[in-house]
Amino acid sequence: MRRASSTMRRLRRHVANSWAWAVVGAFLVFALFPVYWIVLIAFRPRDDIFQYPAALMPTNLSLDNIRFIWFGTETSEPIIGFLGNSMLISVISSLIALSLGVACAYALGRFRIGGGFLPMWILSQRFLPPIALVVPLYLMYRQFGLLDTYFGLVILYATFTIPIVVWLMMGYVESSPPELEEAAYIDGAGYWTAFTRIALPVLKPGLSVAAVFTFIFIWNEYVLAFQLAGDDVATITVYLPRLRSAVAELYGEIAAASLLSVIPAIVFAGVMQRFLVRGLAFGGLK
Amino acid sequence: MRGQKRFAWLMAAPSILAMVALGIVPLVWMVWTAFQSFSPNPRIPPRFSGLDNLGNLVGDPQFVGSLKITILVLIAALILQLVLGFILALALYSIKRARGLVVSLILIPTAIAPIVAGIVWWMLFNTRFGAINSVLFQWFGIDPVNWTIEMPTAYIAIVVAVVWQWTPFVAVILLGGLTTIPRDTLDAARIDGATAWQRLRYIVLPLMRPFFLVVGLLMIIEIVRLYELPFYITQGGPGNQTVVAGVFLFKLAFSFFDLGRASMMSVFLVIALSMIAALYMRLVADHKNKGASG
Amino acid sequence: MTALSLRGIRKSFGAVEVIKGIDLDIDSGEFVVFVGPSGCGKSTLLRIISGLEQATSGDTVFDEEVVNDHTPFERGVAMVFQSYALYPHMTVAENLGFPLKLAKADPQEIAAKVKAAADILQLGPLLDRKPDQLSGGQKQRVAMGRTIVRSPRIFLFDEPLSNLDADLRIEMRLEIEKLHKRLDATMIYVTHDQVEAMTLADRIVVLRDGSVEQMGPPLDLYENPVNTFVASFLGSPRINFLNVELLDSDASSCKLLLADGSHVTAPFSAGTASVGEKMKLGVRPEDLSASGGDFSIPFRMEIHERLGPTSYLYGRSGADSIVAEYRERGAVTPATLTTLGVNSAHAHLFDANGLSVRNRQERVS
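Protein chains in written order, with numbering that gives the first Met the number 0: chain A, 0 to 285; chain B, 0 to 293; chain C, 0 to 364.
Keep in mind that the hints were calculated from the coordinates and are not lab data. Positions of the beta carbon are idealized from the N, C-alpha and C atoms, including for glycine.
Mimicking DSSO-like on lysine-lysine, the simulated pairs with C-alpha atoms at most 27 Å apart in a straight line are:
#1 LYS19/C / LYS95/B
#2 LYS203/A / LYS4/B
#3 LYS114/C / LYS100/C
#4 LYS103/C / LYS114/C
A few chain B residues that don't get close to chain A, going by computed Cβ distances all over 12 Å:
#5 PHE47
#6 GLY64
#7 ASP183
#8 THR184
Chain C is nowhere near these chain B residues, computed Cβ spacing over 10 Å in every case:
#9 GLY2
#10 LYS4
#11 ARG5
#12 VAL24
#13 TRP28
#14 VAL57
#15 PRO60
#16 GLY99
#17 THR126
#18 ASP142
#19 VAL144
#20 ILE155
#21 LEU282
Okay, chain A solo, but in the shape it has when bound (with noise of 0.2 Å):
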């Protein structure tokens, strides 16, 4: 009878679990499957992929895809460039959003500067959505020639990021000691000497933090990379949709180009995976 039990205690262990897993197995199928076709489309020899119905399963491998991609034709330009100017204003915007933000975090949440207003102003800041703006941005840029320059766009990604960091590391700097920096100030430290020294090191891993999220809001970005660049400066997002064309199916070349464009972006938030969840789940209420 106690063997019986002891069973019963297991078995239900297990029931009380299974019904979690089974879940968070559709949900990994439903969020997966469509990145697995991207995949499978990519790799598939053009005659496989026009078959009706589409196999689900992996056919044939080619390389053509990528090929066609990575090399270009006449009509289009190797992903290589798209990806490097993707690639530069992502990591330059970043730096100067996270520099600039920091900055700012610490007067604010160090020094309670301009109440609960200046905090607030900020914070509703991250509302606004590029596309909310991009109709006067457009004109101002046309009216300033920064229309299709690196600079246009880089200023403004950094702009628009700023808010995410000032937001996220403001919880950082209230939650790290002041008295770090003062031990500093008794020590004959100016203030710029203890927010470097002392301050900087403390916030690293909220930093790591607003890095993954300024980053991939920048390369994932399309609104304003589309209307204010794309010709000169034109990012990957930009590139992507102009495959798709109504004269050739470019169907596996598209797959082949989507797949490249988001490995950046999921290697750097896998890279940061611990703090990016920590992060997440601090931003909700933060």
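With the hints as your guide, set chains B and C onto chain A.
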């Protein structure tokens, strides 16, 4: 110490200046151009036209249509995201092993660019070569569905893509909320005789309220600004029936070059977003105050 | 009558066994305190009794009925948590009435019972407040009130006072004692605080590493600890241990070699310990005195800590650190002390394994 405020303002100044130059200035510019009439020819200067843009906009059946479809997408997607996201959050909360790995896999859709998400679902919903029709035919014997070029399937396709992209995010925020509920509180409810359902109803859901509100507002904002998914999946079709607010704005500005009316539409969007944002900030402020006193 | 029996309870988390086979009977109306250092398994044991945690093996028996698979509610237990675990979104009245509401009690009955519990604990004026508007002591009262409303078969307390400051802790300790008297209920109380254990318990269960070291009435454990662990766990300041070597032993006395080379004769038997065995002589601070005693040990004073009526002398006897209680006022200046007298009736001799020789004797006989 001396110079503290000065140092702090110097630190904050570059960010504030940038946000004024590229946040406030365009806003003001936008309000100004909303009352002007633009010619499609950029060499002809715009002229003041009073409330013409507003009248034209409100009188445009496409404007009303874009609001209607945006609200329809909003209702369906929001309900699905919150319900599915909460179920997923509960499931993630119950599993202990490999939670970190599972969460990062599940978050992949949110990390993918919206334009790529559009491409992915456009491919999946393709009538002849898409995976969805293939599954329907091979497993259930259903004939091909013209997903993206008929209604209401085009609408369904957009909602599915939105839910796919954002439910993981909702789930992770709600999971964060679940982890703030102390184990003792749930144990106390078990001792008091609450069944799993009653614990959910009387303890978990009331305590999760602020998280639902916040993530719900964030999702409303995401859907109001929706552009890439319908742009790629349905291209606004069939017959402009899935031209959501964002797509409509783009058409006004960059297909018709009616920048005045586009500005008016932007003003409209900004007002809508501001009201949502104001609600959000009220919530955050309340939460912070509570946290400070408790 | 036996209210609760534990039979061969074991609990493992993964590969780690935290409860290693516990058998225990608790009488109806008894106040039992589980005490032990953190990680000894006392809270896990309480959670197994409550039904929040499932034992890996063994039976939990309430009133002759095996309740292994019963939920906490079916077992009829109520519990006060260390964190109080009040429902933050409910008022005090709603917190108190929640179990009754779940049991679908009639609203008037709920109101009456809530009022009765509130009267007992003087919660009347707080009934409409939310938990975050209450002080620590008030939260504690509400948590206790929530248990009373249920009229449970067994009350469980999981370190309920450890989040309170010293004064409030004493006050609430008395409150719990009063409650026990008034309700005449079976209570199980977990703490790492030996003062709470000594003052509250009808019976103390000392746990270490998932096993029972000793159980019995508080004074029994204090006077007759079975080993050095129990001896040092109960009593404050802690019992002193002198390293000694057994030179000779007979039925009524034994001769011990102290660390400084002197020998003393103690008027009790060393039991079955053999000559030459390294032993520990345990003497509580109150059994050491500046003058008198049955034999003396060398002492070099380092600090004299005055608490008022009593004071403590901290110092060394050979290599062993010693604390002695000092009640004489001014009779001998502590600084001049070179020896301390030992009241041997309350001294304990422990063998090389830390077991009390008295205990060993009893086991033999």
